[in-house]
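Engineer: One-letter residues, chain by chain:
2 protein chains.
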Amino acid sequence: MKIAVDAMGGDHAPDAIIKGAIEAAKLFNGNVEIALVGNGPLLREKLSHITYRYRPQSVSIVEAAETIEMGESPVAALRKKRNSSLVVAMDLLKTGQAQAVVSAGNTGAVMASALFTTGRLEGVHRPAIVSVLPNQKGITLLIDVGANTDCKPINLLQFGIMGSLYYRHIFRCPNPRVGLLNIGEERTKGNDLTLEAYRLLSESQLNFVGNVEGQDILSGAADVIVCDGFLGNVILKFAESIVGLVSSTIKDKVASNVRSKLGAFLLAPAFVKFKRKLDYEEYGGAPLLGIDGVCVICHGSSSPKAIKNAIILALRIVNSGVNNQIKYQLQAMNTAVPVTENHRVRV
Amino acid sequence: MKIAVDAMGGDHAPDAIIKGAIEAAKLFNGNVEIALVGNGPLLREKLSHITYRYRPQSVSIVEAAETIEMGESPVAALRKKRNSSLVVAMDLLKTGQAQAVVSAGNTGAVMASALFTTGRLEGVHRPAIVSVLPNQKGITLLIDVGANTDCKPINLLQFGIMGSLYYRHIFRCPNPRVGLLNIGEERTKGNDLTLEAYRLLSESQLNFVGNVEGQDILSGAADVIVCDGFLGNVILKFAESIVGLVSSTIKDKVASNVRSKLGAFLLAPAFVKFKRKLDYEEYGGAPLLGIDGVCVICHGSSSPKAIKNAIILALRIVNSGVNNQIKYQLQAMNTAVPVTENHRVRV
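Each protein sequence line maps, in turn, to chains A and B.
The letter at position 329 of the first sequence is residue 329 when you use this note's numbering, and the numbering goes up by one with no holes.
The letter at position 8 of the second sequence is residue 1008 when you use this note's numbering, and the numbering goes up by one with no holes.
Hints are not guaranteed to be accurate.
To be verified - Okay, the calculated beta carbon distance ranges per label pair:
| # | chain 1 | residue 1 | chain 2 | residue 2 | range |
| --- | --- | --- | --- | --- | --- |
| 1 | B | Asp1150 | A | Ser301 | 52 to 60 Å |
| 2 | A | Gln136 | B | Asn1175 | 38 to 46 Å |
| 3 | B | Asp1150 | A | Gly30 | 34 to 42 Å |
| 4 | B | Asn1175 | A | Tyr328 | 53 to 61 Å |
| 5 | B | Leu1027 | A | Ser219 | 30 to 38 Å |
Simulated from the structure, these hints should not be mistaken for lab results.
Since we're looking at a predicted model, the values are computed, not measured.
We treat Cβ as the ideally placed atom computed from N, Cα and C, and that holds for glycine.
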């Protein structure tokens, strides 16, 4: 088993990537090889300074001369930089030399290269990014959080199916509750997209619990929440920013008086727990579901811990066999649901 | 000056409404009359139990035999219940007997009755609901938060104009920064709706600061954030639910140990400040902009304080003359921007 890691992608590359990869390699105990893809001389030099112990054979280097920068236009960059660390990593996946790719690089470029290189799983109209949000009791998945800006109802149904299978296999829950993100509980509420998606979801084999609203996202009302990638992206970034707002509001107040200062000191462990609950580093990265391979997309600002967790997640996804399940279920669905004009695929 | 208050609308009606109205009346010191619209005998009986002092002539009762319930279908309810407190209040507005309406009733019914009774301001394609969100430095307006589930680019441009004028007149800011809620900073990012709305906004006379993302909603990056009503509604409900999540996460931890308990006690004032910052009660209600009149929509669960603040807000909107400004600017804009097929009005 080999996992290809884009060592040059991300705000803190390659240092954070290398450290995270080695921490993961230590955990895997030699059963998994991690291929660091990037500037060979630089990576070798950085590795030579690593002081913690790891099995040298569990980390390899694959040469890639170029790097796609965070601000580059994804499609243009992919065309121009055939030797970039991202493209070389994806090629390893496509040729079966690696079973998964992990990248903290330019998100648009990661999505596009995954789509162009490995292609979609049979039956999938549009791949989608799954993200984890904490709730009062456990976690909720939000799908899609940014792969698709404009969606059709059939896409939302497929997101529900992919999200449900992912939840079942990765979080060991036999029958995840799937909700549709909407602006009212009743099936008559919503926009053109969600009104029709509601019908498709309610007629599916999913454990569909109906519409969920904004206040239900963090309440645990559903295990998997389906929405278009535009809405999901705004919600996800908004949620991530809240930790900062809570901290700074409290800090402003705290700075001004001794009572609050002492209170904050005593309460610090509880804050840490709250922060950790909302902290993306704990969840590693967000898988791109629906492609013919395993690809975990990390935050540009990923720390070594986030990279380590993303690599662990990639391994779990490979081992879970969830991609086969998605292919099987969507093939079955495509025979059942006629793809009408309205459901045309648009890539 | 008279403000019509739907005394029967809301989860805590009529008690919370009556109390809020009287608290506002006390502040107004006889200069404004508040008309409580609803079941006359019930309202008179409730008023007779009010022990605080207020000028009796500042609060009147207008009889309305029926009540629209929270769960009713708005359009059907409006057709059937011509004598409902909401419809009677709107009639007072239409006939010029009142200058504003405040209601905590069925939101869909409030919007529909405002639209059917008073109609739109000249030049307005779609009215929109404005909501206040706190940010690190002050407040940000989000427009629309639920009046329009499916929008055209021209609607978003008009929301920007209405929101900017509202911000300028109500929050005394000469040139509010208007941002478009989107999934990336660059103008090439977004869905079909926002890509075109970006173009319209950037060509307008507004102080358009470009795209803002989810993490910017509470950062103060813009004074007015424009989005379609579906997205705005999900965001608003999500934001409101966060106060609860923060409290309960900390409380869970706190319940389990003495150190945290003491910390929480000492930090209580800071928490109160944080809660208040996100608390909708402080902002009273959300105005429906673009109708030919002033209408403030309150949360169904409004407390007396929320009702009082909503009435104060309604008075400020009337006094600001913002509706005339909206009419004037949108008329000017409609000559400048051709309404093409793509921008067709859809009500």
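Engineer: Work down the list of hints and note, for each, if the structure agrees.
Structural biologist: Quick rundown of the hints versus the structure:
| no. | hint | in the structure |
| --- | --- | --- |
| 1 | Asp1150/B / Ser301/A: 52 to 60 Å | 35 Å, violated |
| 2 | Gln136/A / Asn1175/B: 38 to 46 Å | 42 Å, holds |
| 3 | Asp1150/B / Gly30/A: 34 to 42 Å | 55 Å, violated |
| 4 | Asn1175/B / Tyr328/A: 53 to 61 Å | 58 Å, holds |
| 5 | Leu1027/B / Ser219/A: 30 to 38 Å | 37 Å, holds |
In this structure, the earlier hints numbered 1, 3 are contradicted, and the remaining ones agree with it.
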